[in-house]
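Participant: Spelled out from the first residue to the last, the chains are:
There are 2 protein chains.
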Amino acid sequence: MSADQHDAQLAAYRSSIDNIDAALVHLLAERFKITKAVGRYKKDAALAPADPGREALQLARLRALAEESGLDPAFTEKFLKFVVAEVINHHQRIAEGEQL
Amino acid sequence: MSADQHDAQLAAYRSSIDNIDAALVHLLAERFKITKAVGRYKKDAALAPADPGREALQLARLRALAEESGLDPAFTEKFLKFVVAEVINHHQRIAEGEQL
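Chains A and B, in that order, give the protein sequences. With the working numbering applied, the first sequence covers 1 to 100. With the working numbering applied, the second sequence covers 1 to 100.
Derived from the structure by calculation, the hints contain no laboratory data. There could be a bad hint or two in this list.
It does not matter which identical chain is meant; a pair holds if it fits inside one copy or across any two.
As a list, the in silico DSBU-like pairs of lysine-lysine whose alpha-carbon atoms are at most 30 Å apart [what the hints assert, rightly or not]:
#1 K33 <-> K43
#2 K78 <-> K33
#3 K81 <-> K33
#4 K81 <-> K36
#5 K36 <-> K78
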């Protein structure tokens, strides 16, 4: 395969990656909108920002979905922890009275 | 608001979060399918697993998309780095001859 064909193929792959990334950003934006609403609810109800029982259920479910879809379950676990750490940070800031 | 109403509201939020997470897992699975194909291309073309120029362009674009959609641009940068670290790990393993 020539260098030009490689460039065209690489550009096609990258165009698909860019489309998926745009979708991921918008889904994450929507997810944090909901978790911020959860943070405000938890503040009103004096609930703790983190919920280990809920996180264990989410993790088991996402690992199963990952296996079905061909995503590495270990990566999925790291991903969920990465997102939940941000959520807990938001919930703590909301609990302290910050407007998020 | 009563505890039961809180529980119903929290359950509704969590149902939406679970739906979004299923979509995120499937999009990430698709993204890694493409980046693994990129890894095989890079191996064939003897290209480096990482491409800092490409990553800088992705970052600028995703930060702009994040601002439009209300996602924290700093989180978006951490997210992209988190995903790209996994991609580079895959590319290195592919370059070493592993079947991914």
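Participant: So, for every hint listed, does it hold in this structure?
Facilitator: Cross-check of the supplied hints:
1. K33 <-> K43: Classified as within; 16 Å inside a copy, 40 Å across copies.
2. K78 <-> K33: both (21 Å within a copy, 18 Å between copies)
3. K81 <-> K33: both (18 Å within a copy, 22 Å between copies)
4. K81 <-> K36: Both ways: K81 and K36 sit 17 Å apart in one copy and 23 Å across, limit 30 Å.
5. K36 <-> K78: both (21 Å within a copy, 19 Å between copies)
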